[in-house]
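In order, the protein sequence lines correspond to chains A and B.
For the first sequence, UniProt numbering gives the first residue as 1, with consecutive numbering after it.
For the second sequence, UniProt numbering gives the first residue as 1, with consecutive numbering after it.
By construction, these hints were calculated from the structure, which means they are not laboratory data.
Quantities reported herein were computed from a predicted structural model and do not represent experimental measurements.
Warning: the hint list may mix true and false statements.
[As the list claims (entries may be wrong)] So, partial list: chain B residues that the calculated Cβ filter (under 7 Å) puts toward chain A:
| id | residue |
| --- | --- |
| 1 | V68 |
| 2 | A202 |
| 3 | E288 |
| 4 | G289 |
For each residue, glycine too, the CB sits at the ideal point set by N, CA and C.
2 protein chains.
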Amino acid sequence: MVMLSPYQKATLSPEAIQTLTGIPTIPFASLVSPYLASTKRIKSLRETTSAKLLPIEEDIIARHNLTVQKTTIAHVPVVIISPPQPNPAYANKVLLNFFGGGFVMGSARERAALLMAAEMRIRVYSVEYSKSPEVRYPVARDEGLAVYRQLVADMGAENIAVMGSSSGGQIVMSMLLMARKEKLPLPARVFLCTPSVDLSGAGDSMVSNEGRDVMPVSLLTAIVKQNYQPVDVDVVDPIYSPVYAEYDAGFPPTVITVGTRDLCLSSGVRMYWKLREAGVKAELLVGEGMWHGFNWAEAVPEAVVVRKAVREFLQEGFKD
Amino acid sequence: MVMLSPYQKATLSPEAIQTLTGIPTIPFASLVSPYLASTKRIKSLRETTSAKLLPIEEDIIARHNLTVQKTTIAHVPVVIISPPQPNPAYANKVLLNFFGGGFVMGSARERAALLMAAEMRIRVYSVEYSKSPEVRYPVARDEGLAVYRQLVADMGAENIAVMGSSSGGQIVMSMLLMARKEKLPLPARVFLCTPSVDLSGAGDSMVSNEGRDVMPVSLLTAIVKQNYQPVDVDVVDPIYSPVYAEYDAGFPPTVITVGTRDLCLSSGVRMYWKLREAGVKAELLVGEGMWHGFNWAEAVPEAVVVRKAVREFLQEGFKD
């Protein structure tokens with residue numbers, strides 16, 4: 001479990017304290033991470049994670065009365081999540097989601113996609129991109145790009161907002177940089193939730209939040225390195241680690257969320273400044289004492305507030 | 001010195017690395033802090049600090065050709081810092097500053113006041129409030145309030161922006177809460193630099209950034225407790241620890257700056273959400289890998305960028 005002093009507990013909601021203190025610790029994480037992240041163990045990692053998340057996802061679907069349909073767009077599997085009573089303002093709008101899970105786990109029907117559909121009352125197209133180690137970078141990104149290209153042709157970029165959590169954030173940014181390269185119009189808004197936009201391992205929080213976040217930094221780093229990273233990639237290549245890319249004012253307004261105990265705190269902070277300095281409208285939302293991906297803990301008050309702020313930001317982009 | 005791994009150095013400017021690695025460590029800080037913070041040692045603490053800052057301040061004054069005048073407003077000493085060529089847009093505007101220094105050190109002619117005057121090309125009125133232990137809370141706050149009241153009468157609240165760093169941030173917020181109580185009009189904008197708005201010791205960063213910031217958390221906490229805190233105060237009293245106060249949309253737009261290794265990171269984050277949730281226009285600016293008060297290291301690129309963003313925010317408030 002994560003250790004919390006009384007001074008830290010004082011600023012957290014009871015729900016957040018319960019989550020943080022309920023997380024099992026991995027002893028000697030930095031030593032065992034390379035083993036836990038080995039390609040042959042990914043299958044069991046997936047099974048453990050999805051077994052834990054499945055009932056939570058089903059509960060969200062049931063309570064919010066969501067419709068979940070499978071389809072393919074540009075030959076890529078996509079899950080369409082629809083709320084029972086869509087906001088009329090979003091009748092022709094879509095939120096294109098890229099799930100998180102360190103590139104090796106997770107699914108398009110993740111909590112992020114479900115909660116956004118339910119709370120924003122908007123259709124979410126969630127891309128079921130291919131995971132690692134079966135494929136490595138840039139396959140998932142290119143699948144996403146194919147879907148995006150098709151959606152732009154079908155409905156117009158101005159009616160699309162793009163989002164991704166953690167590894168999904170890397171795929172989003174890498175995809176948008178490629179879209180820019182081929183002169184595709186960019187979406188109305190971008191939402192990066194605790195984005196892994198620096199796969200080189202750099203960042204203050206990659207060191208300082210080790211042992212404070214819900215998952216060891218060393219484990220995530222090992223997962224990426226051993227399963228997703230191509231042999232010949234430069235880890236600071238701007239399309240692989242998009243915090244190193246150059247941006248200009250033509251990039252869409254972007255909201256970024258992170259937590260203070262989040263291993264991606266620094267990635268989010270740096271991405272914010274990179275965009276802001278380039279003249280992009282950017283907003284950084286920081287959750288006090290919050291962990292990697294806290295947004296999707298539905299009932300945690302700190303997450304509720306941040307999700308509301310994100311919706312406000314996305315809504316602005318869909319105003320005519 | 002502060003320890004920095006290669007992954008942390010990778011995201012810092014050379015200037016920032018030099019600052020962080022040049023700071024002498026206090027061995028066994030948490031054990032010796034109560035002694036170092038004892039009332040009888042404050043005099044030497046002041047002398048050491050001001051000897052170090054004096055040449056830096058004089059250099060800023062000379063290079064930027066600033067005029068520094070002493071006056072009194074409402075019987076309180078105030079230092080007026082004027083730029084050589086004020087921005088015509090700010091001819092009738094003033095930035096009212098409250099210096100930092102843990103309530104026991106510092107002076108009105110601090111770098112924060114000088115740099116704001118030089119870079120924003122605006123007159124800064126910097127209050128030379130009484131320090132602790134000679135006086136305790138709320139004397140400094142009430143001196144500030146007397147100055148603010150007089151300035152409001154003389155020039156109108158809409159022409160005043162108020163700022164404070166660290167302990168100065170507590171004085172600012174406490175003062176504005178008192179001003180609101182007496183139905184004084186509030187200033188056009190507020191700037192809180194790494195504000196100590198929670199003197200109870202609560203906050204994630206008060207624990208997690210111990211040993212990572214430029215000054216031990218235990219030392220600052222001991223200084224406040226032993227010298228500033230009145231015997232009978234409730235440390236979560238909303239006027240003493242303003243993060244606990246209630247705000248409404250009538251509070252001025254507020255910009256808050258913090259760093260990721262800043263002991264006040266959590267205070268800034270929490271203050272941001274408190275204001276935002278109350279309907280106040282608030283902006284949080286987070287410096288990657290930055291320390292408590294990094295803003296005022298003139299040449300550090302991370303600080304240059306944040307100071308520019310702050311000026312943009314304040315400028316908006318002075319538009320007619």
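When the hints from earlier in the document are held up against this structure, which numbers fail? 1
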